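Novice: Single-letter residue listing:
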Amino acid sequence: MRLLNLLTAVYLIITLLAVIIGGYFIYRKLVSEIDFELGKELERQIEAYAERISNGVSPSALESDRLQITELAFDLKEEGLVLSDTIAYHDPLNREEKQLKASKSFKIGNTHYRISYYNLVVEAEDITETVVYTMALVFLIQIAFIVFFFRNISNRILRPFHSTLQKIRNFDFRANEPLLFEDTKISEFDQLNGFLEKMTQKLLVDYRQIKEFSENISHEIQTPTAVVSGKLENLLNSEITEEQAVLIYAAYQNNERIHRIVKSLGLLAKLENEEFKASTKIDVSEILTKNIEILSELITLSELKFQSDISPSVFVNIHPSVAEIMFSNLLSNAIKHNFKGGWIKISLVTHQLIISNSGEALKQEPIELMERFKKESKHIESVGLGLAIVNQICKTYGFRFCYAVDKDNIHTMTIDF
Amino acid sequence: MKVLLVEDNQEMILNIIKYLSQEGIICEVAENLFEAQDKILSYEYDCILLDLTLPDGNGLGLLNSIKGLESKPNVLIISAKNSLEDKLQGLDLGADDYLPKPFHLAELLARIKAIYRRTKLGGTEVLKFEEIEVEYQNLKASVHGKPLDLTKKEFDLLVFLITNKNRVLGKNAIAQHLWGDYTDNLSNFDFVYQHIKNLRKKISEGGGHDYLSTVYGIGYKFGPIQS
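Chains as they are written, first to last, in the UniProt record's numbering: chain A, 1 to 417; chain B, 1 to 227.
Misleading hints may appear alongside valid ones.
[Stated by the list, open to error] To spell it out: a stretch of chain B is covered by chain A in this simulated footprint if at least three of its residues, at any positions, have a beta carbon under 8 Å from a beta carbon of chain A; those stretches are:
hint : region
1    : 101 to 109
2    : 168 to 180
3    : 190 to 203
4    : 216 to 224
These aren't lab readings, by the way, just hints derived from the structure by calculation.
Values in this document were obtained by computation on a predicted structure and should not be read as measured data.
Cβ coordinates follow ideal geometry from the N, Cα and C atoms, glycine included.
Whenever a hint applies, use it, and build me the whole structure from the sequences.
Specialist: Here you go:
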């Protein structure tokens, strides 16, 4: 939900509540005010009738369905104005109606009269209707104002915030530029922006350091691993017992493993830094065919059935060495995670490469195997970076990489160029 | 054969000298560019093993001086940099081969010998081991003068084994030699076993002795039969 919509909704709900409560009080005030004014009017009428009686008009001549004159005992005290609601017959409407009755007693001459006068009251529904109508109008005007002014103004106030969001969205480590903001004149936004500026500067410094670290480490480890492997190779050729030979060879193999990991990580770092610029489109059919040729011997040795359908001249925007690494990783994967008598199928058409092979059921989700150091096989030589490299290559060049295993344990790797 | 090793890492130098000297290769050392310049001008070498990251500059700089020499030695670049540009630039400037560190010493020896054969001997040399003969030029091998029907890989394997005779060759060294980086992702070295098995069979069918022995399950050794 957008902040502005939320604010508007909250504001409208509060206004609605205020209008309802206000409406209730206005209604009450209105009713009592009307009753008071009506009472005043009735009193004035009653006094006019009393005047006429004192002028000698016979009370019985005055009486009508709205006027009652009764005689009271003379020794009773004169009554003040009494207002009461009553249901009485209303002649013009020809039905019983709620009416307001005002009565007051007068001592005229030596007779004590109580004069009661009725009149129709303003009906509650009418008042309610008026109040609701008025309040609804007020509320509508409020909405109109909120929509046209409040939202416009808020939008203007929030503009620096939106521009900050936009800048964060566009932030890219590789551009190596910290975020810079203009002065917004609103202290909270300035605080936020200042904080973001500092944070991105720090992030970029950290990122550079990590990048340099991974670049340096992959280079610096090569020499010591080369020394270790040479020492072990020389040691293997000296007078040693079988036990020693096995120990030395285990050390030798693990040293190789370190080398392979470092080499793969170095490649991943280079891919992430986009060091392999694809300047032109190259014919990947040719590279794939060459790759298959080299690996065909291993496919035969692994007793795999091989089937390929490669369209000639499929041109893709990719660096040739990277294409070779990608194909080689995919193919060796298909060979490695297969079984004797299994099969591999390759199809390359414009914009799509599909490699499918028979294989074992996976213990984990295919998508997890695209992550670094996630692997299925228990082979010590397997580093677990093959698919991570393919995945990174696809990310770098904007291809779509999909790895799926169906219920018959057919592994399918699809790359959309 | 005389080799100049241009390398600044002491341990690396010891490893290489030890392995090559057992093969009868004379190995001299230059620890920086300056020393290397001096040595190539004063002495003749068959091959120069050139590291690129040297204390006083990039080893590629030496390639220009080598070009001007009368007896042009072979150059094999050995570098930890393993960058494509360096490789291309090095080969462009006249280097004969490029071997990224870390490498198997057996592979280094095989490469030095291969360059030497290719350039100095014009590939006409015949490699002999007891009754086995290998002719590089036409990729032919024979036992007792009878030709063997070997595949390209089996031929490569035989040359590699004879070049590194009497050495323990790890399965990964053999795999690396035969398939290069392609074996990086292929953990299964049954492939090596398959080739070794086929080669053994073909040699013994041709009437040759089985000079190949398994070493403690970690690799193979090609050498005279000990009985």
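Novice: Run every hint past the structure and note whether it holds.
Specialist: Results for each hint:
1. Residues of the region 101 to 109 of chain B lying with their CB closer than 8 Å to a CB of chain A number 6, which satisfies the three-residue condition for coverage.
2. Counting residues of the region 168 to 180 of chain B whose C-beta lies closer than 8 Å to any C-beta of chain A gives 5; at least three are required, and the coverage claim holds.
3. For the region 190 to 203 of chain B, the stated coverage by chain A holds: 3 residues have a C-beta nearer than 8 Å to a C-beta of that chain, and at least 3 were required.
4. Closer than 8 Å: that is the beta-carbon criterion, and the region 216 to 224 of chain B has 4 residues meeting it against chain A, so the requirement of 3 holds.
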